[in-house]
Amino acid sequence: MCEQDHLDSSLADLGATLRRQPSLRDRIITRIAEAEVLSRTTLRPWYRSRVVKVITGLAACLALLSVWRFAGQETAGRVFAAAIESVRQARTFSCRRIEEDTVKNRIREELIMFREPGLQRREDIRTELPHFKKEISIRDYGSRKELRLFPSEKTAYLEDKSSAYEIDENTGRLKLRELDTSIRDQLIQWSQEEDVEDLGRAELDGRTVRLLKSRWGKWDVKVWVNPRTRMPVQVVLSGYGRYVDTYTSIEIDGRMDDGLFSLVPPEDYQLREIKTGWSDGQEKVSAKMAFLAPACYWFADKHNGRFPVQIGDLAEIGIKKEVLKVVLAAPDQPDGPAVIRYRRPAEKAEGQTTILMHEAFETWPERGLVVCFLDGHREIIRDQKRFEEMLK
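Take the sequence shown: its position 329, counting from 1, is numbered 346 in this note's numbering, and each next residue is one higher.
Misleading hints may appear alongside valid ones.
What follows is a set of in silico ranges between Cβ atoms, one per label pair, in the way DEER data are often shown [stated by the list, open to error]:
{"hint": "1", "residue 1": "298", "residue 2": "335", "range": "27 to 33 angstroms"}
{"hint": "2", "residue 1": "258", "residue 2": "215", "range": "22 to 28 angstroms"}
{"hint": "3", "residue 1": "232", "residue 2": "383", "range": "34 to 40 angstroms"}
{"hint": "4", "residue 1": "365", "residue 2": "162", "range": "36 to 42 angstroms"}
{"hint": "5", "residue 1": "258", "residue 2": "222", "range": "25 to 31 angstroms"}
{"hint": "6", "residue 1": "215", "residue 2": "122", "range": "30 to 36 angstroms"}
{"hint": "7", "residue 1": "353", "residue 2": "266", "range": "47 to 53 angstroms"}
As a list, the in silico DSSO-like pairs of lysine-lysine whose alpha-carbon atoms are at most 27 angstroms apart [claimed, not checked]:
{"hint": "8", "residue 1": "121", "residue 2": "235"}
{"hint": "9", "residue 1": "338", "residue 2": "178"}
{"hint": "10", "residue 1": "151", "residue 2": "178"}
{"hint": "11", "residue 1": "338", "residue 2": "301"}
{"hint": "12", "residue 1": "192", "residue 2": "292"}
{"hint": "13", "residue 1": "342", "residue 2": "192"}
For the record, the hints were derived by calculation from the structure and aren't laboratory data. Where a beta carbon is used, it is the ideal one built from N, C-alpha and C, also for glycine.
Kindly produce the complete structure, drawing on both the sequences and the hints.
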């Protein structure tokens with residue numbers, strides 16, 4: 018359970034990194050759909066859901082785009098500014114997300130919500146994937162703890178997240194992971210677009226709404242907007258001739274019961290407090306790799322699928338050399354030598370078994386080695402022979 022739990026956590030880290038770099042999403046999806054580096058058919062169901070959680074903010078973004086159509090030229094600027102400010106100050110967000118692969122007839126539905134300054138809840142609703150167990154995860158960034166509930170087994174796992182880190186993209190230094198509310202940053206960035214088509218009034222669940230249409234990368238986007246609040250109530254993205262992502266029951270700044278974020282499981286659940294077995298230092302190295310892996314994907318997309326020859330080449334995609342130097346160095350020696358070794362993957366390499374980067378070492382450490390694979394997940398490999406076999 019411990020290793021799987023940390024694997025799940027490492028994938029969540031990767032998803033968070035991608036959310037903070039929204040321009041990466043379309044590139045990563047391209048690799049999923051065409052190169053199958055992060056294949057939907059080979060990854061565990063819970064893994065794919067953790068990797069591709071990058072577009073929640075699109076809902077609020079398109080609500081702002083719609084303001085131009087509703088307000089009229091003489092008041093558009095004032096209404097637009099007010100809308101941005103209201104969302105900037107929003108303290109809560111929730112929606113129901115439905116992911117579909119229409120070719121393979123697969124579906125997954127989940128409930129997503131957060132409340133500032135540091136509460137987050139994700140709840141699995143349904144899926145047609147095999148071997149799936151419904152999970153509810155609640156994370157409190159104030160107490161640095163996460164509760165995971167499995168209703169079918171009546172079991173609950175409480176994990177200390179005191180060593181959950183992320184990278185400050187401006188400095189390259191580590192910091193404790195924070196609640197991800199990048200939805201607002203994405204909203205402000207995307208709201209500069211003007212290619213929104215107003216399709217007029219439509220009916221949705223018995224309500225009269227305004228329907229908007231747009232294009233985002235290789236995705237067609239439709240947005241149903243409440244004409245009174247000018248906020249979206251549903252967003253549907255479709256792309257690559259097979260994938261459909263639906264965001265519905267969207268609420269921005271709605272009321273949320275405290276019990277939704279409680280770290281106390283129901284009385285009939287068996288509670289287990291777990292530890293991953295990772296040291297604080299290993300968690301820090303893992304966070305560094307979680308930052309570097311998406312950057313490698315981005316580089317590959319810009320170079321016809323070819324990954325960087327050496328990790329320093331990531332400077333070509335906008336990562337400052339001084340930031341990269343800090344990321345590669347030991348956590349307690351930001352000006353020191355690199356302690357992460359990058360390995361350029363072969364063409365069509367297997368994502369789950371190909372080592373993309375690993376800790377540097379002179380003699381094999383008894384505690385094991387932190388390793389990042391091509392699909393983005395991280396593990397501790399304690400068997401040196403296994404590690405050497407993977408390098409072949």
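Earlier hints that do not hold, by number: The structure conflicts with hints 3 and 9, although it agrees with all the remaining ones.
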